[in-house]
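Protein chains: 2
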Amino acid sequence: MAKQDRAIRTRQTILTAAAKVFEERGYQAATIAEILNTAGVTKGALYFHFESKEQLAQGVLHEQDQQTPIPARTCKLQELADEVLLHAYRLQHDPMVRAAVRLTMDQHAQGLDRTGPFLHWSRICRHLLETARSQGELLPHVNPTITADVIVGTFAGIQSMSQTLTDYRDLTQRTTALLQHLLPSITHPSILATLDLTEQRGHHIHNETRNHHPQPAPTP
Amino acid sequence: MAKQDRAIRTRQTILTAAAKVFEERGYQAATIAEILNTAGVTKGALYFHFESKEQLAQGVLHEQDQQTPIPARTCKLQELADEVLLHAYRLQHDPMVRAAVRLTMDQHAQGLDRTGPFLHWSRICRHLLETARSQGELLPHVNPTITADVIVGTFAGIQSMSQTLTDYRDLTQRTTALLQHLLPSITHPSILATLDLTEQRGHHIHNETRNHHPQPAPTP
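Heads up: the sequence lines are chains A and B, in that order.
Numbered per this note's numbering, the first sequence spans residues 1 to 220.
Numbered per this note's numbering, the second sequence spans residues 221 to 440.
Some hints here could point you the wrong way.
Stated by the list, open to error - Lysine-lysine pairs mimicking DSBU-like chemistry, simulated, CA-CA at most 35 Å apart: (1) Lys20(A) - Lys53(A); (2) Lys273(B) - Lys223(B); (3) Lys43(A) - Lys3(A); (4) Lys3(A) - Lys20(A); (5) Lys240(B) - Lys20(A); (6) Lys223(B) - Lys263(B); (7) Lys53(A) - Lys240(B); (8) Lys43(A) - Lys20(A); (9) Lys20(A) - Lys223(B); (10) Lys53(A) - Lys273(B); (11) Lys240(B) - Lys273(B).
For the record, the hints were derived by calculation from the structure and aren't laboratory data.
Chain A on its own, in the form it takes in the complex (with noise of 0.2 Å):
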C-alpha cells in the first residue's frame, strides 16, 4: 500500500473511532484517550491527522459533506426533495452522519462550533431553490434564504423527534409528511403532482449513487 493510501486509511479509522465515541458519550464527556483506544492507532498518528477534540469534531462533521452528491435532476424541487430524503436515508444507515447530525444537535458540546453544518445545508438548499425559482418553480412570494433555513431547520427537529420516540425507525415516513406539509407553501399544483415524495424514495436514491459511483460500504 502506498504511504498516501495508507495515511487516508489510517485517518478514516480514526474519523469512524471518533464518531463512535462522540455519539455514545456526547462531545463533552469523550476524551481522545478513548478514541486512541477505540481507533487502535499511535498517539502519533492521531496527532499527525488532529490535533485537538475539537479537530476530530470538526472532522466528523464534515464527513456528513463529503457524500457523494446526488444525480442532478430537471426539477430542482425533485432534487431539493432528493436531497432530504437521502440524507434520512443515510441517517438510518451510516453511523458516521449519525454520529455528525448527534454532534451537530449537541447543546452541551462546550468549545465546538456547530453552526457549520446547519449553514452549509442552508447553501446547499437556497441555491436549488434559487435555480428552482430561475426556472419558474417556485410561487412568486418565495425568499429562498428563508424557505432554505425552515427546510433545514425542520429536519433538524424532525429527526431529533424520530431519534426520541423511535430510534430512526420512522424517520422516512417523517420525512415524507414534512415535505408534504412544506413544498405546497412554495410551489404550483402542478409541479406538486410531479413530484416523488415516498418514503422508499431516499433508499433508491442511495443505491442510484452507488451504482454511479461505487463506494465502500458503510461500516454497518
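Since the structure of chain A is provided, determine the placement of chain B on it from the hints.
Only chain B this time, still in chain A's reference frame:
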C-alpha cells in the same frame, strides 16, 4: 407562611436551581450536589421533594406543561399558531422553559425518558386540529395525528437552529416563517387570510395571559 406554602416555595427553589444546573452542564454531567449547592436548601428538603436526578429532570420537563393556558380562540388554527408563537416567546424569556426544552433535546441524557414533552405537545396540537377539522377549518386530506407530529418536530428543530446560530435572538422570526410554510398545506386560503402569525404576537399573548391570570414574572 403556612407550612404548605413553604413547601411549594422550596420545591420551586429546587426546580429553579435544577433548571440552571441542567442547562449549564447537561443532564449527564449535572450532579445532585451542585443542584443542592445552587438551591441553598438542605439535603433532606431536596429528597423530600425529589428522590433522584431523574425525578428532578422530570420536574423541570413537567414545568413547561404548567404554564397558564392561552385564551381560547374561535378559529382553532389561530389558537394552534398562538400556542407555538407563545412557546417561542417563552423560550426567549423564561429560563425554566428554556431548561425544559434543552433537557428534551439532550440526546446524551442516559436514563432520562425524554418522550414526554414530544407526546404532550403532540396531543395538544392534535386536539386543536381535530376541533379545527370539525369546524371545517382544515383541507379534507389533513390527518390531525400526522400534522400534529410535524408541527411539534419542526418547531423542535427551528428552536434548535435558532439557539445554535443566534442564541434565540431570531426565534420569533423563524417561528413565523415556520407557520407561514406549514399552514398553507392544511387550511383554506380564506382562513389563512384571517390568521395573525406575526413575530410580535407571542409577546402580546404573553401579556394577555398575565392580565387574565396575574402571576409572578419569570426570573430574568
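Exercise for the section: If any of the earlier hints don't hold here, list their numbers in rising order. Expected result: 9
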